[in-house]
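Novice: Here is how the chains run, residue by residue.
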Amino acid sequence: MTSFMPPAQKNWWNVPVGRQEIVWIAIALVWCLIMFFMMPYWHMYGGQNISNEGYRVTPVKYQAKVNEMIGKYKVREVGAMKTPVVAPPDGGDVYLMARLWQWYPMLELKKDVTYRLHLTSIDWNHGFSLQPVNINLQVVPGYEFVLSVTPNKAGEYTIVCNEYCGIGHHTMLGKIWVKE
Amino acid sequence: MALFRQCPDTGLFFHKEAENLMKANAVAGVVCLLIAGTLALLVVLTRWPAVHLLPADTFYMVLTAHGICALIFWVILFEIAILYFAGSTLLRSRLATPRWACAGFVLMVVGAIMTLAAVFGGNSSVMMTSYVPMRADPSFYLGLILFAVGALIGCFVYLGTLVVAKNEKTYEGSVPLVTFGATVAAIIAVFTIASGAEILIPTYLWSIGYISHIDPAMYRVIWWALGHSSQQINVAAHVAVWYLIAGVVFGARPMSEKVSRAAYLLYIFFLQLASAHHLMTDPGISSEWKIFNTSYAMYLAVLASMIHGLTVPGAIEVAQRKKGLTNGAFEWLRKAPWGNPVFSGMFISLVGFGFLGGISGVVMGTEQISIIIHNTIYVPGHFHATVVIGTTMAWMALTFLLIPVLFRRKMILPQFAKLQPYIFGLGMSMVAVFHMAAGTLGVARRHWDMGFAGNPLGFEYPATAYLLMGIAGIGGVIAVTGGALFVIITVGSLIFGEKLQPEAGLLQSFGVPLADSAYSDEKPARLPMAPAEAVEADHGEAGFEAPGTFILAMVLLVSFVIYYFINWKYLSEVWGLA
Numbered sequence: 001m002t003s004f005m006p007p008a009q010k011n012w013w014n015v016p017v018g019r020q021e022i023v024w025i026a027i028a029l030v031w032c033l034i035m036f037f038m039m040p041y042w043h044m045y046g047g048q049n050i051s052n053e054g055y056r057v058t059p060v061k062y063q064a065k066v067n068e069m070i071g072k073y074k075v076r077e078v079g080a081m082k083t084p085v086v087a088p089p090d091g092g093d094v095y096l097m098a099r100l101w102q103w104y105p106m107l108e109l110k111k112d113v114t115y116r117l118h119l120t121s122i123d124w125n126h127g128f129s130l131q132p133v134n135i136n137l138q139v140v141p142g143y144e145f146v147l148s149v150t151p152n153k154a155g156e157y158t159i160v161c162n163e164y165c166g167i168g169h170h171t172m173l174g175k176i177w178v179k180e
Numbered sequence: 181m182a183l184f185r186q187c188p189d190t191g192l193f194f195h196k197e198a199e200n201l202m203k204a205n206a207v208a209g210v211v212c213l214l215i216a217g218t219l220a221l222l223v224v225l226t227r228w229p230a231v232h233l234l235p236a237d238t239f240y241m242v243l244t245a246h247g248i249c250a251l252i253f254w255v256i257l258f259e260i261a262i263l264y265f266a267g268s269t270l271l272r273s274r275l276a277t278p279r280w281a282c283a284g285f286v287l288m289v290v291g292a293i294m295t296l297a298a299v300f301g302g303n304s305s306v307m308m309t310s311y312v313p314m315r316a317d318p319s320f321y322l323g324l325i326l327f328a329v330g331a332l333i334g335c336f337v338y339l340g341t342l343v344v345a346k347n348e349k350t351y352e353g354s355v356p357l358v359t360f361g362a363t364v365a366a367i368i369a370v371f372t373i374a375s376g377a378e379i380l381i382p383t384y385l386w387s388i389g390y391i392s393h394i395d396p397a398m399y400r401v402i403w404w405a406l407g408h409s410s411q412q413i414n415v416a417a418h419v420a421v422w423y424l425i426a427g428v429v430f431g432a433r434p435m436s437e438k439v440s441r442a443a444y445l446l447y448i449f450f451l452q453l454a455s456a457h458h459l460m461t462d463p464g465i466s467s468e469w470k471i472f473n474t475s476y477a478m479y480l481a482v483l484a485s486m487i488h489g490l491t492v493p494g495a496i497e498v499a500q501r502k503k504g505l506t507n508g509a510f511e512w513l514r515k516a517p518w519g520n521p522v523f524s525g526m527f528i529s530l531v532g533f534g535f536l537g538g539i540s541g542v543v544m545g546t547e548q549i550s551i552i553i554h555n556t557i558y559v560p561g562h563f564h565a566t567v568v569i570g571t572t573m574a575w576m577a578l579t580f581l582l583i584p585v586l587f588r589r590k591m592i593l594p595q596f597a598k599l600q601p602y603i604f605g606l607g608m609s610m611v612a613v614f615h616m617a618a619g620t621l622g623v624a625r626r627h628w629d630m631g632f633a634g635n636p637l638g639f640e641y642p643a644t645a646y647l648l649m650g651i652a653g654i655g656g657v658i659a660v661t662g663g664a665l666f667v668i669i670t671v672g673s674l675i676f677g678e679k680l681q682p683e684a685g686l687l688q689s690f691g692v693p694l695a696d697s698a699y700s701d702e703k704p705a706r707l708p709m710a711p712a713e714a715v716e717a718d719h720g721e722a723g724f725e726a727p728g729t730f731i732l733a734m735v736l737l738v739s740f741v742i743y744y745f746i747n748w749k750y751l752s753e754v755w756g757l758a
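Chains as they are written, first to last, in the numbering used here: chain A, 1 to 180; chain B, 181 to 758.
It is possible that some hints are incorrect.
As the list claims (entries may be wrong) - Reference excerpt, derived from the structure (chain B facing chain A, CB under 10 Å, subset only):
id: 1; residue: W228
id: 2; residue: P229
id: 3; residue: A426
id: 4; residue: P636
id: 5; residue: M734
Since the hints were made in silico from the structure, they are not lab data. Please read all numbers here as calculations on a predicted model, not as lab measurements. Glycine residues also receive a C-beta, built at the ideal position from the N, C-alpha and C atoms.
The shape of chain A in the complex, shown without the other chains (with noise of 0.2 Å):
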């Protein structure tokens, strides 16, 4: 009846308000802050965040560097399209490229080690999902994404890619080893 109709008094807004929405609005105040927290909190003492390092690039400058990765650390190709297969050093920079419709190059990374990953797309939007840790980055022209990444186990995985890039999208497939 009065949801739809003006508020019956005048002053509504000097209602006392009942005791049962101020103990939810407090309870649920409470949750929404410590929600917020977490973040920051996990910026500190967690594991797993996404770097703030970014750069501009264009298609050029990335690939010259993948390209001189790919020369000095090269260990073996794969497939017919002789795909290759770069093992860089420890603590080093790993360049991976998205490019209609491929993950380029694969990677054979150490257990424990930790890499400079650094990530971006020659022509549209990509999308980074490794599997099966499931680890998921957007992948933006332009824009060179570089992470610090610690494989945790060892295994085969799969880059998906999971940001529709046109009609080859579902074939786009990388690999990554991990060894111990």
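With chain A's structure known, arrange chain B on it following the hints.
Specialist: Frame of chain A; chain B shown alone:
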């Protein structure tokens, strides 16, 4: 001279021009829902791994059209109808500038047709988000711009109507809570559409070659100020619809006008920050910006939703207790009219939005937790709980209410109408829950083939992921069935339903004015304030007016806390990232 008619059943007043526009917008919205639902079936049957219906190119085209048609066209067309209802009908006022409102409606329809034609033309399968530098046909962007301009006109007609009502003193005291909520929706809509203009106009100029470059990261930041905030229009509007239905079905009065309106103000101040939800794992944006924005300052808009989550069912409980349903904590709920689709639809919308959509949304919008969720099919799972169970079901419940009142037709197939909210709610809850579950296993959204058939590199998701996607597929088919039932019942009622008054002919169901004889040129009496509440015995417990609702709210909170920390636990197990 403004013409009005009074609905003999509800006493509501309808201004002639406003009434036609409400009908036209609502009907056009339902047509978009029909298209969106048909496309949904194709999407569902393709993502169901055992069926895998469409070829890849058609799938991406259909998915693009489904998103735009459901998330933009259906909800916004219907929203405009709600605005006119809240402004004109609830305030007993004439609609301001009906010709502008007509022009806005035409623009929206033309824009919608133009964009859909571009998508089905086959060269604009860019998804709803149309991230640059992927390029769609120029008419794709132009259609969206026209639609947005039309919607903007609708918002200003609504705001103008508020001014008219105030000047002509059509109501006493303050505007009703429902109108207040609709106003919040209109205000959010205005700055949402402004963001849309800011990004879509340059993108259109880029698509025809006048601008050489649009920065892809900037596009994402501004586009999401359109994309996410437009869903916040829905939140503000569907909460208003919840309050309206609580008032109509139960005679419920807000527990506290001050609390509900203050919560709405928090929406205005903070909801628009949420564009950040989509940018948590983006490069080039600082953590400080992400944390402040993703949390709506300090989760103050979440606080607002948690308040409405208490006060909407709380208002119902108080009204029911006053009718004597005071046994135990939940007699008021047990004896609610579960066979009335207006109520059951609204209540499923409320519970589904809170438990499935709300909790998952806050969790996935946490800066770091987004790492294990971003762009997986968890995301569509989440927003089908908010936008479909929350908004669409609220719109459906309201439609069941409006068919006799606005369209003056009796609803056909009442037995099926009773079942409709349960079928749709069940199906859509399955879609939401099982997509979210599959997302935690890494299944990608907007992806044609989770099996990667024939790919030399090869990759297999765990078998459970296939099972979950299969169950989500079954849920999707159930939901589409419920949606089809809705369209059949509503459109069927407009065509075949018994006329509640002789003037309500076939064309009148679709926006043609009723004969003048149905109206009177007498100005409606001024809308009085709600009757003051008699001082009565305390119905609740320990100073709590609605103890049952408080228990439900605590159940929500406990689920929320547990689920939140489970996700931090999962996150802590993945590779180190810094």
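Novice: Can you list which hints this structure breaks, lowest number first?
Specialist: 1, 2
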